[in-house]
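Produce the entire structure from the sequences given, and follow the hints as far as they go.
Residue numbering for the sequence shown follows our numbering, beginning at 1 and increasing consecutively.
The set of hints was computed from the structure by calculation and includes no laboratory data.
Since the structure is predicted, the reported quantities are computational estimates derived from the model, not experimental observations.
Hints may be right or wrong, so weigh each one.
As the list claims (entries may be wrong) - For each label pair, taking beta carbons as the anchor points, the in silico distance ranges come out as: (1) A403 - A470: 36 to 46 Å; (2) L374 - A121: 35 to 45 Å; (3) S392 - L434: 13 to 23 Å; (4) R445 - A403: 26 to 36 Å; (5) L112 - R499: 52 to 62 Å.
In this text, a Cβ means the ideal position worked out from N, Cα and C, and glycines have one as well.
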Amino acid sequence: MLEEALRQPPSDQTRSDVGWLARAGVLNLATLVVQSLAGFALSVVVTRGLHAHGAGVFFEVVGLFVILSSGAGLGADTGLVRAVARSRALGAVAEVRRLIGAAVLPVLVCGLLVAAATWAAAPWLASVFLHGVDQQDATASIRLLALFVPLQAATIVVLSGTRGFDTMVPFVLVENLCKPLLRLVLLVLVLAAGFGASAALAAWTAPIALGFLVGVAALARLLAAAERTARTAAGTARPARDLAGEFWRFAAPRGLAGIFQIAAIWLNVLMVGALRSPREAGIYAAVSKLAMLGALVMQAVRLPFAPQISGLLARGERGRARTVYQVGTSWMVTVCWPLYLLLLIFGVVVLQIFGSEFSAGHAALLVLSLAMLLNVGTGSVTVLLLMAGKSSWNVFNTMAALAVNVGLGLLLVPRIGIAGAAIGWAAGIAVDNLAALVEVWLLLRLHPFGRGWGLAAAQAVLCFGGLGLAAWLLWGTTLAGLAAATVAGSVVYLVLIWRARAALELNVFAEAVRLRAGPDDAGSRPA
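Right, dumping it as structure tokens:
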């Protein structure tokens, strides 16, 4: 029945749903390309400016900061996206102001407590994770970043709140454009002047305060506009205690899961530094950056997907939610699988961008590329689970994934180095995604495998897996082989995509992109 329905021409409603996702996705993708290039350039600047050992110290401290600030966020970022979108979808705009207060204030308090604890524990953290460096400098670096934990945590929550108003502009302006570009410029200046890892970390933290101010101003403007235009803006809000209780019953489990997810990405860098050396931690961090390139494209779909799917599920429109989920997943596979297939075959060539010593990360990159094919193939499954209100399920999934990741890492890193860390992370990705897929499929009756999924996957494997292997056989793991595989694969791939544009819903995508933006284009989500 579902497959038969999917063979029908898209309805106006489907075009509206997918069109909004396309417009918001294009905005995200355009800015995420900038973010991706800036982040990649930053990695190259750091690895070449500080070399593997210094880069290892830099990325270890940044990883610690990301884990701490994510934990201080308490899951309020995802909670606020869902809560604001639901309140607006149900006509309860008067609740939104209280929801924002219930989300942001506890995060600021928690951030201050985390910062204080980190400041006190900085000498111990430096001795555990940062070997072969001046311990006073290491302690000072950790304490510097600790000061910014409250601002970073609150910034993400505030910007996530703006997404609940069906606009991506403030979020992408701050997180995808301003911060990455400012960090890149400052790091180039600092490293060109001959300063070391401590100064580089100071340059990396500088844009955080600016992002917080922009986020607060944007959220206040959107809230005021919504309250002016909503008929129910006054006198209909539930008591603040009830709103806060409902909000944190969802957000608290998500906060725990968020810590596990961020730890899964950054904890391995710290683990490699603690169990092996800062040099190997620097190599693993560079490999991780490459493996996460496709995740930025996924983020372009996931950011607008969250508030859209929250509104659809709140109104019980599961069929429309299924269509948006499946089309979004087929787009992810179309864009991301070619990248990871090329990294599987020619990863050792790509790693040389960071320097010759980074070729030692080839095996780790191969493992993570396989894991990312699975991650992309399940689409926004964890976001869908969360927007359906199942944050407690997400906690168990991420807890199991982190346990597998850390367990395998502790077992394998001392024996086989960064390849062991990659195996642990890959296994954790598989556990998290497959568990969420089973839960969404069996319990919510939603899955990502629409008519475009198999076609997108087959075309990517043929063009970049098949032709990539042919180029490898002819030229080996060389730059010439990578160039031949990329050019030949892309030409054939574009032809096949054009022929399959209807099945992949690219006609709807193209129409949506061509539509002239209205004044609210960041836009009103289809009702």
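The hints, checked one at a time:
1. A403 - A470: 36 to 46 Å: Cβ of A403 to Cβ of A470: about 41 Å, so the range 36 to 46 Å holds.
2. L374 - A121: 35 to 45 Å: For A121 against L374, whose Cβ atoms are near 36 Å apart, the range 35 to 45 Å holds.
3. S392 - L434: 13 to 23 Å: holds, 18 Å
4. R445 - A403: 26 to 36 Å: For R445 and A403 the Cβ distance comes to about 29 Å; the hint holds.
5. L112 - R499: 52 to 62 Å: holds, 57 Å
This entry satisfies every hint, going by the numbered hints stated previously.
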